[in-house]
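Colleague: Construct the entire structure; sequences and hints are all you get.
2 protein chains.
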Amino acid sequence: MEEFKTVRELFETFNYGDRINLDSITEIELEGWVKTNRNNGSIGFIELNDGTYFKNIQLVYDKNILGDEEFDKVSHYLTGSALDVKGKFILTPESKQPFEVQVTSIELEGDVDESYPLQKKRHSFEYLREIQHLRPRTNTFNAVFRLRSVLSMAIHEFFQNQGFVYVHTPVLTGITCEGDDMFHVTTKDKDDAYFGRKTLLSGSGQIHVESFCLAFRDVYTFGPTFRSEKSNTRTHASEFWMIEPEIAFADLDDDMSLIEDCVTYCIKYVLENCEEEMKFFNNFVDKTLLDRLNHVLNTPFKKMEYTEAIEILKKAVANGHHFDVNKIEWGMDLQSEHERYLTEEVVKGPLFLINYPKEIKSFYMRENDDGKTVAACDLLVPAVGELVGGSQREERYDVLKAKMEKANMDMDAYGWYLDLRRYGGCKHAGFGIGFDRLVMYLSGITNIRDVQPYTRTYKNMLY
Amino acid sequence: MEEFKTVRELFETFNYGDRINLDSITEIELEGWVKTNRNNGSIGFIELNDGTYFKNIQLVYDKNILGDEEFDKVSHYLTGSALDVKGKFILTPESKQPFEVQVTSIELEGDVDESYPLQKKRHSFEYLREIQHLRPRTNTFNAVFRLRSVLSMAIHEFFQNQGFVYVHTPVLTGITCEGDDMFHVTTKDKDDAYFGRKTLLSGSGQIHVESFCLAFRDVYTFGPTFRSEKSNTRTHASEFWMIEPEIAFADLDDDMSLIEDCVTYCIKYVLENCEEEMKFFNNFVDKTLLDRLNHVLNTPFKKMEYTEAIEILKKAVANGHHFDVNKIEWGMDLQSEHERYLTEEVVKGPLFLINYPKEIKSFYMRENDDGKTVAACDLLVPAVGELVGGSQREERYDVLKAKMEKANMDMDAYGWYLDLRRYGGCKHAGFGIGFDRLVMYLSGITNIRDVQPYTRTYKNMLY
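Protein sequence lines correspond, in order, to chains A and W. Each step along the first sequence adds one to the number in our numbering, with nothing skipped, and position 68 is 68. Each step along the second sequence adds one to the number in our numbering, with nothing skipped, and position 263 is 1263.
What the hints contain is simulated information worked out from the structure, not anything from laboratory work. Possibly wrong hints are sitting among the right ones.
Okay, the calculated beta carbon distance ranges per label pair [claimed, not checked]: (1) A/ILE175 to W/THR1446: 22 to 32 Å; (2) A/ALA407 to W/LYS1190: 24 to 34 Å; (3) W/LEU1091 to A/LEU91: 52 to 62 Å; (4) A/ASN139 to W/LYS1303: 34 to 44 Å; (5) W/HIS1076 to A/ASP370: 32 to 42 Å.
Chain A is nowhere near these chain W residues, computed Cβ spacing over 10 Å in every case [as the list claims (entries may be wrong)]: (6) ASP1068; (7) GLU1094; (8) SER1105; (9) HIS1295; (10) ASN1368; (11) LYS1372.
We treat Cβ as the ideally placed atom computed from N, Cα and C, and that holds for glycine.
Modeller: So this is what it looks like as structure tokens:
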């Protein structure tokens, strides 16, 4: 059975139909880790997980086959032990599991002692954050981090299949378009002289990727970004991954089409490629998850002007609805409670809110003809609120320059960014998705600390 | 001709066979940038590039169709201008280009002035490094950055097709396994207190990804890494991307098989998916490129012990060969000149050098039974030298702990790393590929500054 090396391959081959002739494949070798081990004195059962698949494979070991001494040894292998196993592969169509392995030999490759923290019981997410180097071995985090990996591939396939060029925008940067909460970088003696200028960790790749957009038309970034906000919330981390596509010869409507395509592609992709994991999330993390995601797939994305949203929220308050921020007025920055009301109560589905007041949005967003709003959109979805933020970019040299000067930006540092408007500029647009937030949305996990391999937040960097 | 929006789609459809009925598709709309514009007084030709494809499409504009005034206007559009074009799509099997567009209308979407730096002439790489925001518009850098994008996809496909889990190891870290040349991170007031401990930019994801390897079996990282070396060479940058796979239940031989598969997969992938770009590199950057890469595809990768390599180099010196570092002795760190001699002159093909002296390799590499060497491998290839470095990891708790203590490492910070050897540890191995160096290898470009979107090196961060 040379060709079957992993539990994933076994499940994918023998779980559903296509059961090939077993004569030639009954001998099998596997490696993996013990999840549980129990016995009745003459027959024992080990649930083995080899990391390649969400489900375990059942090993059956028999005193009559192994002998007394070996049986006794195997029966003492603890949860977490690493094993090399040989045995006979047996289909068991009458049992709960589709197949099992009748052990002929087991070698202990790596043992554990009684201090192993992952004994068979449920651990709280909080406790597991204290052992981030071990938590990927639990069911929940195994599912989370496989989802994270599969979703990364979904992103790359979505964009590359359409000819987008992936750009590694720099992490080290001298400029920022995302405010003051930026980390600073020095050499170990805290010397700024390495690069000869102030050096920050990038909070967004957008500014840099725009130059590639104006060469390649359709481009995207996908990499780590950083904020040094001194806040502890469920949705903020100091290091997180962002996806930032940018498209040339495109306006806000083109942008929203791309966002809708991207989000629905990701949902379909993980439903197809993480089937077991998504079932697990739905059973153990958020029982509304699959309904919620399928609802998004089957609901056209709606669009609503910010100005209309304000009217609706005002009416809601007048009719007795209470928000924590209950004073609704045009020009305000909407809170999550307002966004969720609009997407959950008003349109009951995904909603693009568009054309926000220019004062509450970034300098690079294109000013609309009304002189008051910019061509920006936020995608709001039920249960989460804002999932994606995008905009058409200001492509008019004079308008952009005036806005930047008014904002007291360093015009020397941004000269090259303005060049993009002088040298064959064109209308273009883009958006940003917080990748970690997308993993949360697709898994039902509600704390960003539980979807990142090693999470970094204010006052917290254990590993 | 609604369905054809990009020049890439046109070339992929009409360049080779499969010429569909043109009756329904003769009207076309395109957007793009002027590469050249010339006319003979009554007929003009614009080479338009829309960013989606390496080749340009030819626009033909005719005074009899556009009228005198419009013809005059169009004839003054400069290189770099952004255009919206409508016209008739015409197959031209008798011409050099397979098709052209007979213009019916052109709108100028974004103009340029005479200061536009990319006029039609060849620019030096050095000059283009001064205008990194514009160089993707040149043929060479268009090819480089598309190769970079396609090669990223090759990496993800190679690993994901085999079930590897992609792990976003952290950039911010409290530990490092890559020496002293690390950047430090603070808040803007140079305060270390944000995380409550010394914070570095990671030089490698390996240490962190090992914990995922021991949960998922086969994993990989692909992300930015950092070094603050104060050196200016053609191959070192302060920020670069690394690929670091890690495989469980695997030894050095398994590791080398994976490296060989990965490198040949990448070569085949870019030859198939960047055909025009690879031809361009072969014609204009390195005329030996395609021969060199095809040679690697057709040559089995050889293996040689470090100890044997030292003997061969000693003999070469004895026979009159001169190296800059000409004193060859066991225990030395091989220089690029030695590595290239071995791969180019001795085996004339890809070569794994294995089992290096433990003193010149990292603490985490597995000590061999001879007590003198470690199970490490470097892949050497002609024209470049070292392309990949890998090793089997020390999985024996006591051996690793003793080595770390001897090296005066911070045992508190690394406690969790040692845990991986206490809790179901197993033999495992991994390797690292510098992604930027791989782009150089596959393009023939010889300076790392010319394969990175925005390069960061000592004393140099322009954008």
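Colleague: Cβ-Cβ distance between W/LEU1091 and A/LEU91: within 52 to 62 Å?
Modeller: At 58 Å between Cβs, range holds.
Colleague: May I ask you to check that W/LYS1372 keeps its beta-carbon over 10 Å from the closest beta-carbon of chain A?
Modeller: holds (26 Å)
Colleague: Is it correct that the beta-carbon of W/HIS1295 has no partner in chain A closer than or equal to 10 Å?
Modeller: Holds, since 28 Å exceeds 10 Å.
Colleague: Quick check on a hinted range of 34 to 44 Å for A/ASN139 and W/LYS1303, using CB atoms only.
Modeller: holds (41 Å)
Colleague: Run the C-beta distances from W/ASP1068 to all of chain A and say if the shortest one exceeds 10 Å.
Modeller: holds (26 Å)
Colleague: Mind verifying the non-interface call on W/ASN1368? Its CB should be farther than 10 Å from each CB in chain A.
Modeller: holds (19 Å)
Colleague: Against chain A, does W/SER1105 keep a CB gap of more than 10 Å to every residue?
Modeller: Its Cβ never comes within 10 Å of chain A, the nearest being 16 Å, so this holds.
Colleague: Check the following: the C-beta atoms of W/HIS1076 and A/ASP370 are separated by a distance inside 32 to 42 Å.
Modeller: holds (35 Å)
Colleague: Confirm or reject the claim that A/ALA407 and W/LYS1190 have a C-beta distance inside 24 to 34 Å.
Modeller: With a Cβ separation near 26 Å, A/ALA407 and W/LYS1190 satisfy 24 to 34 Å, so the hint holds.
Colleague: Far enough from chain A: is every CB of that chain over 10 Å from the CB of W/GLU1094?
Modeller: Answer for W/GLU1094: holds, closest chain A Cβ roughly 29 Å.
Colleague: So the hint says 22 to 32 Å: do the beta-carbon atoms of A/ILE175 and W/THR1446 match that?
Modeller: With a Cβ separation near 29 Å, A/ILE175 and W/THR1446 satisfy 22 to 32 Å, so the hint holds.
Consistency note: the structure conflicts with none of the earlier hints.
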